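K.L.:
I would like the entire structure built from these sequences, with the hints used as guidance.
If you read the sequences in order, they're chains A and B. Heads up: the first sequence begins at 3 in our numbering, then just goes up one per residue. Heads up: the second sequence begins at 769 in our numbering, then just goes up one per residue.
The set of hints was computed from the structure by calculation and includes no laboratory data. Errors might be hidden in some of the hints.
DSS-like mimics (lysine-lysine), calculated; alpha carbons at most 27 Å apart, straight line [as the list claims (entries may be wrong)]:
1. B:Lys1095 x A:Lys99
2. A:Lys30 x B:Lys1174
3. B:Lys774 x B:Lys1210
4. A:Lys19 x B:Lys861
5. A:Lys19 x A:Lys85
6. A:Lys30 x B:Lys1105
7. B:Lys1174 x B:Lys1210
8. B:Lys1051 x B:Lys1017
9. A:Lys75 x B:Lys879
10. B:Lys1017 x A:Lys51
11. A:Lys95 x B:Lys1105
12. B:Lys1154 x A:Lys51
13. B:Lys783 x B:Lys877
14. A:Lys75 x B:Lys876
15. A:Lys99 x B:Lys1105
16. A:Lys19 x B:Lys1210
17. B:Lys861 x A:Lys11
18. A:Lys85 x B:Lys1095
19. B:Lys1154 x B:Lys774
20. B:Lys1051 x B:Lys1027
Pulled from the structure, derived: some chain A residues nowhere near chain B, Cβ distances all over 10 Å [said to hold, decoys possible]:
21. Ser5
22. Leu6
23. Glu26
24. Pro66
25. Glu68
Just so it is clear, the structure is predicted and the values come from calculations on it, not from any experiment. We put the CB at the ideal spot given by N, CA and C, even for glycine.
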Amino acid sequence: MISLEDIQKLALLARLKLSPQEEESLQKDISNILDYVGQVSAVPMPEIKQDAGLWHNIMREDIPREGGVMLEKGPALIEAFPKSENGYNVVRKIIQKDE
Amino acid sequence: MDDLTKLTIAEAGKKMAAGELTAVDLARACLANIDARNQELNAYLEVFDDVVAQAEAADARRAAGESHPLLGIPLAIKDNILIEGRVSSASSKMLEHYIATYDATVIKKLKEAGAVFVGRTNMDEFALGGSTENSAFGPTKNPHDVARVAGGTSGGSAAAVSAGLCLGALGTDTGGSVRNPASFCGVAGLKGTYGRVSRSGVIAAVSSFDQVGPLAKTAEDTQIIFDTISGRDELDSTSIDPGLYAPHKPTKKVGVPRKLMEEGLDEDVRAAFETKLEALRAKGYEVVDIELPSLSFALATYYIINFAEVSANLARFDGVRYGLSAKGDSLLNDYAKSRAEGFGPETRRRIMLGTYVLSSGYYDAYYGRAGAAREALRQEFVDAFKNVDAVATPTMPTPAFAVGEKSDPLSMYLADIFTVTANLTGNPALSVPMGTVERGGKQLPVGLQLIAAHGDEATLFALGKEIQ
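P.N.:
Structure follows, in structure tokens:
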């Protein structure tokens, strides 16, 4: 069974704030699910050569788009910001003075 | 005919071309059914307010000389496919108020064809689930028995087609999300070969599995939609030309992986399946047993890759540029709080599992191993289609289950046993109705799934028409 500390560490890595109850229920669910999917590591498997497949390294020509195509979308994109000011996205200040 | 919504897309198209019917008639018929049933079914999260106006525009285009099999046909669109200027929420609190800033390529193509968009349909949040119970906006009910689920994750689209709230619909299929609800609701649903349909403008769940697919009453109707939305798109570098794969050499044989069907399959579902196999034999097909040894760990392989890609794809939702944004006491807690409040329980669970299987200590044991198993399975399928035209199974091992019945997440995952394979290998797969079974005095539909060689949707449509 996965430990509660591991659940907390995963939540930190996944940027999820979990309640203590959810940590406990996830500990149980995740252990069950990992037990099930873990069967892949127990199955003997011949050496598999994985190539890139028929369709790979797909490029497109670097052609400038018609002027203003994206700028037209500007207002709609700004509208989607959680908080905006004068057309800028307002985000948290992350550089702070050492105290 | 009393109810115009009972028409197939092919029939309605012919009637409109002959001037016996208008797009406005069809739109109004759908809207009347929506008024009568949508509240109970919860198939649509939103019915657009300009449906009749869109239909009038389609009629005007026809009057001006245009024609297309989808011109004026009312379609439902799954809530994870972007339509410019409309909300696209993926049935999540995270995107509840998100307004799309561009059209998905499939939407662009449907607009060019003149289809009418009726509304956006309910789904499992971010296409994670198998019953549409994981929607942040309540489950979709099955039109055949409203105590039961519609299937998922495209449950709203399937229920809308089944109940005559549209004539066809778009869903997306990550591990069976078009075929599973098609089976539960008694309609046809197709997942094309990986890459045949552009994913540009589709909210990503598992990028190496996701395909947009049509739902409609018949295999023929799914073909009409598929022919319209498929094609190489420079906005999706995984999209392919139809000619990428060598043409399949017909064998007149259908393979059945009997070993996979030994357990967990309801007996009356098995009987319905055998009846359809008999019908195929009567049409001159040979039904043969096939061995696909890697199938035994397909589900485990599927879920490892699902968790991994989901955790990576959903990392973009951080409350900074769009979507739900909650304030914590630090930047880190802004993220953690936004994501905790925006994502539902199943989504959080899969993000956690994905983070686990991708973590450095476990990467090789899970994700690395799953990649090798996936390739082994793909090669088995390539070999299998040298001997058979299609692989047939029931789409789902049971008919629709009751709302709330599968509360344990693992039991929900195990119901996907027959559908996930085609996503792992990239093969096209079609579910068509194969009759009904009785549960609690109600007749519930069940579906038959056909998987064909890469690029060979033609065989699926041909066989699907034979069976239905």
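K.L.:
Against the structure, test the hints numbered earlier, and report the numbers of the ones violated in rising order.
P.N.:
16, 19
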